[in-house]
Amino acid sequence: MWTWFYRLASPPYVYGLATALTPWLLAGAGLAIAAGLVGGLVFAPPDYQQGDAFRIIYVHVPGAFLSLMVYCIMAVAGAIGLIWRIKMGHAVAVASAPVGASFTLIALVTGSLWGKPMWGTYWAWDPRLTSELILLFLYVGVMSLRSAFEDSQRGDRAAALLAIVGVINVPIIHFSVQWWNSLHQGPTIAKIGAPSMPGSMLWPLLAMLLGFALFYGAVLCMRLRGEVLNRERQSTWVREAVRS
Amino acid sequence: MTPGSAQGTGVGPARGDAAGSVPGVAESPAPGAGVGTFGAAALIMRRELRLSFRRPEHLVQPLVFFLIITTLFPLGLSLQLSQLRDMAPGVLWGAALLSSLLSLDALFKSDADDGTLEQLALSGQGLTVIVIAKTLAHWLVTGAALVLVSPLVATALDIPASAFALMMSSLALGTLTLSWLGSIGAALTVGLKRGNVLISLIVLPLAMPLLIFGASATERAISGTSAAGPLYLLTALCVLTTTLAPFAASAALKISLD
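Chain order of the listed sequences is A and H. Note that the working numbering has the first sequence beginning at 1, numbered continuously upward. Note that the working numbering has the second sequence beginning at 1, numbered continuously upward.
Calculated from the structure, these hints are not laboratory results. Hints are supplied without guarantee of correctness; some may be wrong.
[Claimed, not checked] Now the stretches of chain H that chain A is said to cover, found in silico as 3 or more residues with beta-carbon under 8 Å:
1) 178–190
2) 199–209
3) 244–257
For each residue, glycine too, the CB sits at the ideal point set by N, CA and C.
This is chain A alone, in the form it adopts within the complex (with noise of 0.2 Å):
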């Protein structure tokens, strides 16, 4: 039942997995992403209050979404790596984190062009809009804690750890809309109730959340062929696999 589980731990068959998975990845994400953006661009009725400006949301909310979501799937592979001692864990953390930085910039960079029109402001000293920038200083520190080793398993270690410990940062983002009074409106999807949202301005949203989470995956199988390939460089497999 668990062989599935114990064969990820080894290279040759994540490396064939990641293969495998690529072309179907980047095909879904580019579907979702097409229909999202002209469902989002097209279809979708304007704001009442917002007018147009609405929809630059269908490239914020899956961006400021990944960032989290990476962030946690970063911790908790670098947790595998360091509990159990699984290289793969280490390797999906490492081809994670500069993927999930770019996820935080493009949640932070969309946020000040929509808020400039909307309040008047690039920045704000917001609960949120600082959390999420401190979110990307995180995902600094963590590249640069591996990079600074010169023994790549001890950065592997020492990174993961560090990204255990900021995880406690990703709760205080999540909520610190309804925590402090923020200038950043509260949830719209992920509340209780029905979301505060017509259907025709949420398929397209959900549609583009599904499209940014496949092409992470799309991206991190790529990374991560080419982290296992220099993670495991000296075996035979390796070796046979790019002769051939």
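Put chain H on the given structure of chain A with help from the hints.
Using the frame of chain A, we list chain H on its own:
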């Protein structure tokens, strides 16, 4: 190295015990290690404090740094005294965080360089105890000293004397929390040659909530409104880090030591 590191550790290598237990780190106090957990912690703290007081310049430097930074702001901004009071909490807290960070690099570094840390780890006492003792000693010579100096800076920043008690208690909580957070950063970077900048990069993002709550507590103390809310949050952060950070830091030390 200073003589204190060679002598007077008290919890030095208990070779007979270490040989029998798991090499590396013994989790539980080995039987016959001589001193109990609290005895070992007290000995390590005493050693740390003695080492610090033998090099007074290391004690004074962060405090002078704190004073200089707080002087820089009024000079650079050339504000009226009344406007200065509005800026004071932020300036005070920013300077306190930075000057506490300055000495964090030394928390485990010198002991790791001359091998004392490995001997302590082999002593049969848990690494967590060692981390707790060293961090508390570090806070006493940096954070607590900073709290004692803060009224001087506060007067220069035109903070009224009625706010001193609240300001000092919030600073005490904040610097202790920062010492715990810093112990994680220092333990993670102990094996690195140039870990100093990296510590700031790791610790400062985690310390941002401290700055927010600490400055808002000080601000409320100045304006005379109730500072209970941010003070409770600071206390909560302090309790959280006191209970969890030693485990994270000792796990980080294990990574760095093996």
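Does the segment 244–257 of chain H contain three or more residues whose Cβ lies closer than 8 Å to a Cβ of chain A? Since three or more residues must qualify, the claim that chain A covers the segment 244–257 of chain H holds, with 5 doing so at under 8 Å.
Holds or violated: the segment 178–190 of chain H covered by chain A, criterion of 3 or more residues with Cβ-Cβ distance under 8 Å? holds (count 3)
Given that the segment 199–209 of chain H was listed as covered by chain A, double-check it with a C-beta distance under 8 Å for 3 or more residues. holds (count 7)
Every hint, counting from the list given before, is met by this structure.
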